[in-house]
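Participant: Heads up: the sequence lines are chains C and A, in that order. Under full-length UniProt numbering, the very last position in the first sequence is 490; numbers go up by exactly one each time. Under full-length UniProt numbering, the very last position in the second sequence is 498; numbers go up by exactly one each time.
These aren't lab readings, by the way, just hints derived from the structure by calculation. Do not take every clue at face value.
To be verified - Taking lysine to aspartate or glutamate and the EDC-like style, the derived pairs with C-alpha atoms no more than 20 Å apart in a straight line are:
| # | chain 1 | residue 1 | chain 2 | residue 2 |
| --- | --- | --- | --- | --- |
| 1 | C | 157 | A | 428 |
| 2 | C | 150 | A | 283 |
| 3 | A | 459 | A | 442 |
| 4 | C | 367 | C | 454 |
| 5 | C | 157 | A | 284 |
As the list claims (entries may be wrong) - Quick look at which bits of chain A chain C covers, simulated, 3 or more residues with Cβ under 8 Å:
| # | stretch |
| --- | --- |
| 6 | 237–251 |
| 7 | 473–480 |
Every value quoted in this text rests on a predicted model; they were computed, and no experiment measured them. Just so you know, even glycine gets a beta-carbon here, dropped at the ideal spot from N, CA and C.
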Amino acid sequence: MVLFSIPFNEITESFGAAVSCLSTSHLTDEVIRRSKRMILDTLGVGLLGTSTPVFNTVLQCSQQALENSKVWGRPGLSLPPQYAAFVNGVAVHSMDFDDTWHPATHPSGAVLPAVLALAETLPVKPSGLELLLAFNVGIEVQGRLLRFSKEAHNIPKRFHPPAVVGVMGSAAATAKLLGLPAAQSIAALAIACSSAGAPMANAATQTKPLHMGNAARGGLEATRLALLSLEGNTQILDLESGFGAFYPDYVPHPLAEVTPTSHYRWVLEDQNIAQKRFPAHLGMHWVADAAIEARAKFLDKCPNADLSQIKKITLRVPTSRYVDCPLPVSEHQARHSFQFNCCTALLDGEVTIETFSKSHMNRSALKEMLLKVQLENPQDNHSSFEKMYCEIAVETTQGEMFTARCNTFYGHWRKPLSHEDLVRKFRANASTVLSAEVVEGIIYTVDHLDTNQDCSMLWSYMHFNKHMMHRDECRSSQCNASLLNRSTFE
Amino acid sequence: INVCTQRSTRYLSAISAARGLHKSALDVAERPAPEETVTSSFGRFIQSVQPRHLSPTVLQRSKRMVLDSIGVGLLGSTTDVFELALQHCQHMYAPDDVSFVYGRQGVKLSPTLAAFVNGVAAHSMDFDDTWHPATHPSGAVLPALLAISDMFHNDSKPSGLDFLTAFNVGIEIQGWLMRFSNEAHNIPKRFHPPSVVGTMGSAAACARLLSLDRNQCSNALAIAASLAGAPMANAATQSKPLHIGNASRLGLEAALLASRGLEASPLVLDAVPGVAGFSAFYEDYAPNPITSLEEHEHSFLIETQDIAFKRFPAHLGMHWIADAAAVVHKTLAGLKGGSISPNQVQEILLRVPLSKYINRPFPETEHQARHSFQFNACTALLDGEVTVQSFHPEALQRPELLALLSRVRVEHPHDNPANFNIMYGEVEVTLVSGDVLRGRCDTFYGHWRNPLSQESLQKKFRSNAGAVLSNERVERLIEAVEGLDHLDDCKPLLAQLQ
């Protein structure tokens with residue numbers, strides 16, 4: 001690597017230039033493939049999330065303005081694009097079911113809702129490829145920014161990454177979609193930076209999903225403000241007092257120059273993403289896989305064993321305060337609890353969406369088992385999603401010991417979900433809210449996103465809900481079967 | 001709070017859940033827990049403080065702050081950035097457009113957007129009040145409270161005293177939070193304080209005016225924490241005013257969300273190792289609970305720490321250097337009889353604290369000029385004072401001014417720390433003739449140690465408000481604020497702003 005002195009002021013400029021110069025010709029097949037998977041997964045997770053209390057709360061709160069962009073899972077309901085991005089972003093992160101990257105953040109939830117909400121309002125709708133480009137610009141900017149800090153490579157302790165880099169990604173993506181020149185893209189980033197940052201303490205609470213919603217909203221708003229010529233600091237990414245404010249070890253670098261004919265190396269190309277199998281913090285997935293294996297060994301040896309024969313459970317996990325929760329009370333805490341996910345996996349052999357329902361959480365067998373768990377934080381177990389592992393040791397009353405270890409859970413970027421399993425997850429999520437035809441329609445549309453000239457079907461599809469009538473429908477006597485046809489003309 | 005206590009609290013909750021006890025029963029009425037958390041103490045304070053806790057001094061000072069803030073907001077409604085923010089929000093036309101907009105008679109927005117644009121107006125020219133530790137407290141709180149007041153039904157508007165109580169709660173919370181960090185006592189370097197504590201203050205004030213219960217008040221603060229924090233780099237740019245606008249708006253949103261039942265971290269203000277809450281914004285965070293109103297007489301911070309009102313629209317640091325330069329101007333004018341010519345000046349030396357974002361030798365925009373020791377010193381040297389007009393485009397480009405700017409040198413003496421309570425400003429002008437003229441200012445007129453008289457404050461208000469309102473409305477506003485604590489409802493105040 002050649003070291004040369006980078007003149008002050010080049011970094012932010014390089015970002016602005018990259019954001020405005022990257023074009024569809026720079027998208028590689030691999031990037032297209034991976035990002036389509038991300039989009040599909042995010043949509044499914046978002047639809048599922050529209051059934052949560054937190055989503056309903058923010059929707060009520062935002063409902064007081066004139067409509068513009070569709071709210072997912074609420075036929076007939078639209079909001080100004082920022083608010084649509086906000087509520088849909090909340091939906092995506094409402095159950096901690098959305099994708100996770102390395103360095104750690106949940107990149108798609110901050111970008112997709114904003115891009116779709118904005119696309120819907122444009123007089124000339126973008127093609128699927130343009131949509132994919134904007135999406136990838138938003139992901140790319142997040143990945144680049146995260147690499148400016150070593151601390152960012154570990155499980156976060158101070159600021160929740162989606163609130164830091166997510167809003168920047170949303171600003172970049174929406175700026176790209178609008179085709180803003182470099183100077184205005186820089187302004188969007190600068191304005192967005194003033195909306196960045198939420199402390200970790202609100203993770204494991206009902207407010208956490210708002211971090212995602214606000215990231216999506218803030219980035220979109222920043223772009224709209226930039227479009228109206230609002231300016232911020234043109235060196236926002238260069239300065240310690242700028243984006244550097246969020247890191248103790250901020251060392252930024254300019255992005256490589258982008259020409260119409262050059263090859264661009266996307267971060268997503270080199271660093272794949274993790275997609276979750278169940279709605280909980282990523283760290284829980286190692287625990288679940290290890291516990292499931294230990295359980296299998298246990299039942300293998302003693303086929304009729306009663307799990308109450310377990311005397312002690314030792315979990316060897318990385319140190320991470322906010323996911324160390326011995327007796328979670330709320331579903332949010334449960335999604336952020338090594339102990340809870342371990343015990344559920346031991347009891348049920350799996351962790352699912354249902355796991356976090358009140359009835360499942362209140363099972364006495366589960367609660368008894370929780371009291372038997374002990375956490376250990378071995379030195380060699382780094383607090384990083386790239387390096388961590390989980391080891392479980394189950395001791396029975398008979399004195400037997402069953403151990404298992406998980407280094408890479410299924411769904412991690414090192415062992416990504418198969419296409420079938422990703423689509424299966426999507427179907428399971430989306431069909432809680434959408435009919436089968438609409439579900440298949442979305443799968444088809446996303447799959448063909450890069451070849452589709454008109455992708456407005458995408459947000460139309462997201463606008464259905466098999467349990468609700470379209471607002472206008474209530475006044476007419478038309479039945480559900482015609483809903484699909486109606487939306488085509490909306 | 002140590003980890004064990006945390007765990008036992010959750011354990012109790014878990015047991016109660018197992019026994020099927022209703023959660024509120026577990027909260028066990030108003031018996032304060034032996035180890036109350038910092039966060040819950042704040043929630044409790046916001047909910048339980050009453051008008052009778054406001055002392056005369058507090059009433060007087062806070063009314064002054066309200067008056068100044070309205071005036072500054074009205075003037076600010078004439079700026080470009082305000083126009084931009086307003087257009088932006090009007091594009092998001094809201095059906096519940098019930099809240100007024102400064103300087104736009106008949107125009108209404110939804111309460112949150114009104115709080116946003118009016119907050120932008122308040123800080124658009126850096127003309128709003130400054131406190132110690134450093135922040136601009138009123139601009140973050142007042143717009144949100146006014147916006148909410150518009151929401152109340154005509155028959156049930158809050159009384160003037162309720163309004164003042166909520167306002168002071170918003171200021172108080174900001175003061176308390178800043179005292180949790182030594183770093184906060186100096187001119188900021190990382191996060192812009194209004195975006196950090198201002199959001200929290202707005203949330204607290206709104207929670208109070210909406211009469212939320214103490215849990216809701218705590219949650220409002222916690223939700224607001226996730227909406228706080230903007231980096232310093234956008235100071236001295238057109239985006240800076242949005243920091244206050246957003247603080248006001250987002251604090252209001254946090255309170256509204258809390259009122260609908262949204263919950264967040266119950267320990268957001270506590271220092272929990274390994275998980276940052278509000279502590280995320282400081283390197284040295286050491287919180288304390290607010291003392292219970294039942295057990296102690298509460299003394300509002302504004303009582304013992306007054307506030308600074310600016311005489312001209314620029315960063316507070318500029319006021320020292322302007323007053324110091326004005327002294328030199330007076331001497332020079334006396335010597336040479338009349339106007340100052342740059343040709344007489346060989347060199348200008350400024351002795352100021354070290355602070356990168358207000359050290360700008362050749363500012364290019366009005367925003368930069370408001371954050372430039374050099375610009376404000378030279379303007380005061382030329383004109384004898386700095387005014388609203390000093391930052392107009394023509395004034396920025398004056399050849400005499402540019403000539404003086406090129407002769408400026410800056411020093412940062414060790415005894416001049418970047419702290420609004422301790423700093424001073426010194427101007428030393430060496431004339432071509434060889435004479436050396438000096439001016440020094442330790443406490444400018446308007447600083448909390450030498451506060452503006454009521455006449456001066458009203459004069460500033462008349463000048464600001466008069467830019468957009470009729471004389472009649474201006475006088476009625478002065479009257480309404482002056483008598484705020486005696487108003488049965490705040491309609492007289494709101495009516496003049498609609």
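Participant: Okay, which hints does this one fail, numbers in order?
Facilitator: Hint check: 1, 3, 4, 7 fail, others pass.
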